[in-house]
Amino acid sequence: MKIVVTVKQVPDPNATLSLEADNTISREKEVVLDPGDECGVEEGLQLKEAHGGEVVIVSMGPERAKDGLRKALSMGADRGVLVTDPLLAGADALLTARVLAAAIKAEEPDLVICGTESYDGSTGVVPPMLAELLGFPQLTFAKKVEVDGSTVKVHRQTADGYQVVEGSTPALVTVTAAIAEPRYASLKGIMAARSKEIKQLSLGDLGVEKSEPAETIEGVVDAETRKAGEVIEDDGSAVDRIVKVLAEAKVI
Amino acid sequence: MASILVYAELSGGKVVTTSLELMTRARELGDVYAVALGTGAKAAAASLGKHGAKVVHVNEDKAFDDYIAEPATDAIASLYEKEKPDLILFGFTPDSREVAGRLAARLGTGLISNASDVTSGGGGFVAKVPYFGGAKVASMKANGKPAIVLVRPKSFEASESGGAAEVKQLDVAVADGSKRAHITERVVEASEKVKLEEARVVISGGRGMGGPQNFPLLEELASALGGAVGASRAVVDAGWVPYSMQVGQTGKSVRPGVYIAVGISGAMQHTVGMKTSKVIIAINKDAEAPIMKMADLGVVGDALKIVPALTAAVKAKKNG
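Protein chains in written order, with the numbering used here: chain A, 1 to 252; chain B, 1001 to 1320.
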């Protein structure tokens, strides 16, 4: 089974963000593989361990996105593909999906695994766009994935439980953080990753033309903040204070 | 006048609240029509009419209930070709965003996701989008034709404006090629509990709860208050509690009467999903945690001691 896992790097969720002059989010501190994507890589590796085959990591981003790919390779993925092109700076969801689709098509995978949404953009629409452009069904929000021959079955998380969703390969699956605990790369894995192939492609290589962005940022303002209220140390009376607030809010 | 198409997501045969919220803003932006697909679509049209839809396009094919995204994408794409709306609105919910993404790719147009507002402007539409981890808000002009905007739940209040919609049968045959991601079973794990999005009181736990073994303390407090339990992304990612409990940018948006944040530091990722709560109470060891700067009442102390004591006090007050 050939599995493609999409990954991206995101600003470290624990770091302070900054803005570029054009109001796009600065990628200078972009140092970590998206934690959601790590779960996707892990699931890809587990499926390969169960069924054999190959795990190919596909990413779009600046050259240093190679670090993210290298991390996935050190976890055990077989090789990587990075689409990098100055024209892709600030790419919107659709352009991202078109680029990924072109790179993935060339791989002819049985299964494409994506995170449900990225930590930074959180648009959550690249996977369905990608599925549409690839002509694949989408089995989404999976907290469990089973493959049996050409049948893919997932447990799709819902607000009150889950749905069992079945489809046939080739298919696209999005996975939640509940799918699998990402493994740590072993020293051996890190050494092995150094010699694994990362193919680098440009927009021209893929034959993709840059499209008009979906949106133009007209302005950025600070979000409304709430005023701080009272902060008290719990000296034993905190519970009474909370009860008073609950009573004032008429919930008790 | 601009024409606005609202995708009315159905769940269990009823229009989801988020779709009705969209109607409130949509009717200020132009002529509103809606599309409702699957079991209950015709009955849903009455509710959509009361909320401002002039026309509701319906199709009750069961394929819309049982297959993810593709049948709905076919139907809306075909409706778009006929009606050419200027703007298509979707709720930023798991089911709606999957349809929106597929539709945008099929129509070859971009979309704006995760918006908190949409208004008319510059001869088109401008969306407000939480940005920069929620610390900022970006105004984004939609360039797409049609403009497609996904709006977060709880961005508007659903309200009836009177009126009745004309119901039109949407003639679309769902192709077998679109019946691929098949929902074969629905498993309910938590039906007896109060829904997070609808609860008057939400009690959310974060890393400060120490571990999943302590979440029952929050459940007991929620039960005493008739509320629901939520969680921060950190503890969901750590596997302590299921994703369905996540409040925040990538989880649910809530706007309860009282929100109690227990052991949650208050990262933007979380607060964007709860900051419009009427009253916020925070319990945290750290007096400097960001959540303390937005709480109406911040209590610095040990959550594992305070929460059980609070539960007991609430019960005593109710019984007294």
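The reader is advised that the hints may include incorrect statements.
As the list claims (entries may be wrong) - In silico DSS-like pairs for lysine-lysine, Cα to Cα no more than 27 Å straight-line:
no., chain 1, residue 1, chain 2, residue 2
1, A, K227, B, K1128
2, A, K227, B, K1168
3, B, K1062, A, K244
4, B, K1128, A, K143
5, A, K48, A, K244
To be verified - Some, not all, of what chain B presents toward chain A, calculated at C-beta under 8 Å:
no., residue
6, K1145
7, S1161
8, Q1169
9, V1172
Unchecked claim - Some chain B residues near chain A, calculated using beta-carbon distances under 10 Å:
no., residue
10, M1001
11, L1029
12, R1102
13, E1185
14, V1236
15, K1278
Simulated from the structure, these hints should not be mistaken for laboratory data. Backbone N, C-alpha and C define an ideal beta-carbon position, used for all residues, glycine too.
How the hints compare with the structure:
Note on A/K227 and B/K1128: the hinted pairing holds, with a Cα-Cα distance of about 22 Å set against a maximum of 27 Å. Taking the CA atoms of A/K227 and B/K1168, the gap is about 49 Å. The hint is violated against a cut of 27 Å. A distance of roughly 51 Å separates the Cα atoms of B/K1062 and A/K244; the hinted pair therefore is violated under the 27 Å criterion. The suggested pairing of B/K1128 with A/K143 is violated, with an alpha-carbon distance near 31 Å, which exceeds 27 Å.
Under the criterion of a C-alpha separation no larger than 27 Å, the hint pairing A/K48 with A/K244 is inconsistent with the structure, at around 57 Å. With 8 Å as the threshold, the beta carbon of B/K1145 stays out of range of chain A, its nearest partner Cβ sitting at about 10 Å, so the hint is violated. Interface hint at B/S1161: violated, since its Cβ lies 27 Å from the closest Cβ of chain A, which is beyond the 8 Å cut-off. A distance limit of 8 Å between C-beta atoms decides the matter here; for B/Q1169 the minimum to chain A is near 26 Å, and the interface restraint is violated.
For B/V1172, the suggested interface contact is broken, since its CB lies about 17 Å from the closest CB of chain A, more than 8 Å. Among the interface hints, the one on B/M1001 is violated; its C-beta lies about 23 Å from the nearest C-beta in chain A, farther than the 10 Å criterion. Interface hint at B/L1029: violated, since its Cβ lies 17 Å from the closest Cβ of chain A, which is beyond the 10 Å cut-off. The interface hint given for B/R1102 holds, since its Cβ lies 4 Å from the closest Cβ of chain A, which is under the 10 Å cut-off.
Annotation: B/E1185 was flagged as interfacial toward chain A, and the flag holds, the nearest CB pair being 4 Å apart, inside 10 Å. At about 6 Å, the closest approach between the beta carbon of B/V1236 and any beta carbon in chain A falls short of 10 Å, and the interface hint on this residue holds. The restraint placing B/K1278 at the interface with chain A holds, with a minimum CB-CB distance near 7 Å, inside the 10 Å limit.
The structure shown violates the earlier hints numbered 2, 3, 4, 5, 6, 7, 8, 9, 10 and 11.
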